[in-house]
Amino acid sequence: MSRLLEAPAPTGQASFPAATAMVWQGIGHGHLAVAVPGVRLAPGDALVAVELATVCGSDLRTVRGDRTASTPLVLGHEQVGTVVDVARGAKTSSGAKLGIGDRVVWSQTVSCGRCIRCRRGLPQLCLTAQRYGHERMRRGWELSGGFATHVHVRAGTAIVPVPASVPAEVLAPLSCAGATAVAALDAASDVVALCDEVVIVSGAGMLGLVVTALAARAGARVVVSEPRADRRELALAFGADAVTDPAAVSRSGSLKSALHRMGRRGDTVRIAIEASGAGTAVRELVESVDAGGVVVLAGSSVPDGELVLEPAALTSRMLTLRGVDHYTSGQLERAVDFAVECWQSVPLAALVGQVFGLEEASEALAAAAAGGTPRVGIAPYPRFAR
Numbered sequence: 217m218s219r220l221l222e223a224p225a226p227t228g229q230a231s232f233p234a235a236t237a238m239v240w241q242g243i244g245h246g247h248l249a250v251a252v253p254g255v256r257l258a259p260g261d262a263l264v265a266v267e268l269a270t271v272c273g274s275d276l277r278t279v280r281g282d283r284t285a286s287t288p289l290v291l292g293h294e295q296v297g298t299v300v301d302v303a304r305g306a307k308t309s310s311g312a313k314l315g316i317g318d319r320v321v322w323s324q325t326v327s328c329g330r331c332i333r334c335r336r337g338l339p340q341l342c343l344t345a346q347r348y349g350h351e352r353m354r355r356g357w358e359l360s361g362g363f364a365t366h367v368h369v370r371a372g373t374a375i376v377p378v379p380a381s382v383p384a385e386v387l388a389p390l391s392c393a394g395a396t397a398v399a400a401l402d403a404a405s406d407v408v409a410l411c412d413e414v415v416i417v418s419g420a421g422m423l424g425l426v427v428t429a430l431a432a433r434a435g436a437r438v439v440v441s442e443p444r445a446d447r448r449e450l451a452l453a454f455g456a457d458a459v460t461d462p463a464a465v466s467r468s469g470s471l472k473s474a475l476h477r478m479g480r481r482g483d484t485v486r487i488a489i490e491a492s493g494a495g496t497a498v499r500e501l502v503e504s505v506d507a508g509g510v511v512v513l514a515g516s517s518v519p520d521g522e523l524v525l526e527p528a529a530l531t532s533r534m535l536t537l538r539g540v541d542h543y544t545s546g547q548l549e550r551a552v553d554f555a556v557e558c559w560q561s562v563p564l565a566a567l568v569g570q571v572f573g574l575e576e577a578s579e580a581l582a583a584a585a586a587g588g589t590p591r592v593g594i595a596p597y598p599r600f601a602r
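Taking this note's numbering, I'd label the letters of the sequence shown as residues 217 to 602.
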């Protein structure tokens, strides 16, 4: 196993000690520490020393074989770090010059900015999109994932500066769950304004909890449906007005009971967010939403069987069904704004449990798969691992 390096101090120099990446070899083969002795930055690129990465559910789906992945691969797309080198033209998402020493988070997607989808405002679905933590390791972009001492952040990535005062545990997950939660509520509020509406959220994982906090902050009354008792308690801490166990009674009966407890007896739900990734929840949410409402699918990232919906279930109540996949740069910026403003009142840091050293990437994935806390961390440097 390669010795992990101390974080290089920002010097403005173009040469650094060899970075190290934990490279996943494929199902059943684990990780191999690979040194990357030199990183060549193209115009607009940056090199970022990783402070903390977190294990997302999509990382777990990759190592389980639930999603197609080309190996060797550096996993990880949720992270926060410090810029240690920049190429000419490197900019933040707002267009400001990116500088050495800037603490940043960045988007999961590298977009071209020129294709028809980018021009339509869908950079996350760029026709030539490449994604951190999902691309086969190759010459010139070896440091393509967060499970490494450094990440080579490429031009076309939305890079957002973050304050030094906010804990890394709060910031790292923003690059996936945090910004996707913003995108999900944007998709809903395009149809029904959030303020004073009842919103049902299916799932109290990382995504569902952030959706809950954001919706509550926007003035909605939130009901969270979650089978795990500990996650239902977390949902209340994140601003849910009521929680339900979908396994205890029928969803409709459970929802009526929750509305009664909230003092909203007789109210109906017009906004539902599916954040669990469970295909079975979609049909139940469609049945729960009243006329003119919207159901947003935000948790489904891999195939989970066929979904059978009666078209009349949508047309007879004029429902809108929307899908969300990733987010725009502006939505990442708003996720950062939310975290900076609310981390002391909303227990975002508590969502990251164990933090492992970089050389323990396989152990971190196993701990995440056990499902204790919504996130498990990986820290390249001993000063942060605990």
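Bear in mind the hints are in silico, worked out from the structure with no lab data behind them.
One should not assume that every hint holds.
[Unchecked claim] Restraint-style ranges between C-beta atoms, simulated for each label pair: (1) Glu-503 - Gly-305: 47 to 57 Å; (2) Gly-254 - Val-524: 30 to 40 Å; (3) Asp-406 - Ala-453: 24 to 34 Å; (4) Gly-246 - Thr-496: 31 to 41 Å; (5) Arg-304 - Asp-506: 52 to 62 Å; (6) Pro-443 - Arg-347: 26 to 36 Å; (7) Ala-582 - Arg-335: 18 to 28 Å.
[Unchecked claim] Each computed SDA-like pair below joins lysine to any residue, with the alpha-carbon atoms no more than 25 Å apart: (8) Lys-307 - Arg-370; (9) Lys-313 - Val-382; (10) Lys-307 - Ser-286; (11) Lys-307 - Ala-380; (12) Lys-313 - Gly-260; (13) Lys-307 - Ala-285; (14) Lys-307 - Gly-317; (15) Lys-307 - Leu-248; (16) Lys-313 - Arg-330; (17) Lys-307 - Val-502; (18) Lys-313 - Pro-377; (19) Lys-307 - Gly-246; (20) Lys-313 - Ala-249; (21) Lys-307 - Thr-287; (22) Lys-307 - Ser-405; (23) Lys-313 - Cys-334; (24) Lys-313 - Pro-527; (25) Lys-313 - Glu-557.
Beta carbons: idealized from backbone N, C-alpha and C, even for Gly.
Under the constraints set out in the numbered hints, which ones does this structure not fulfil?
The structure conflicts with hints 2, 7, 10, 13, 15, 17, 19, 20, 21, 22, 24, although it agrees with all the remaining ones.
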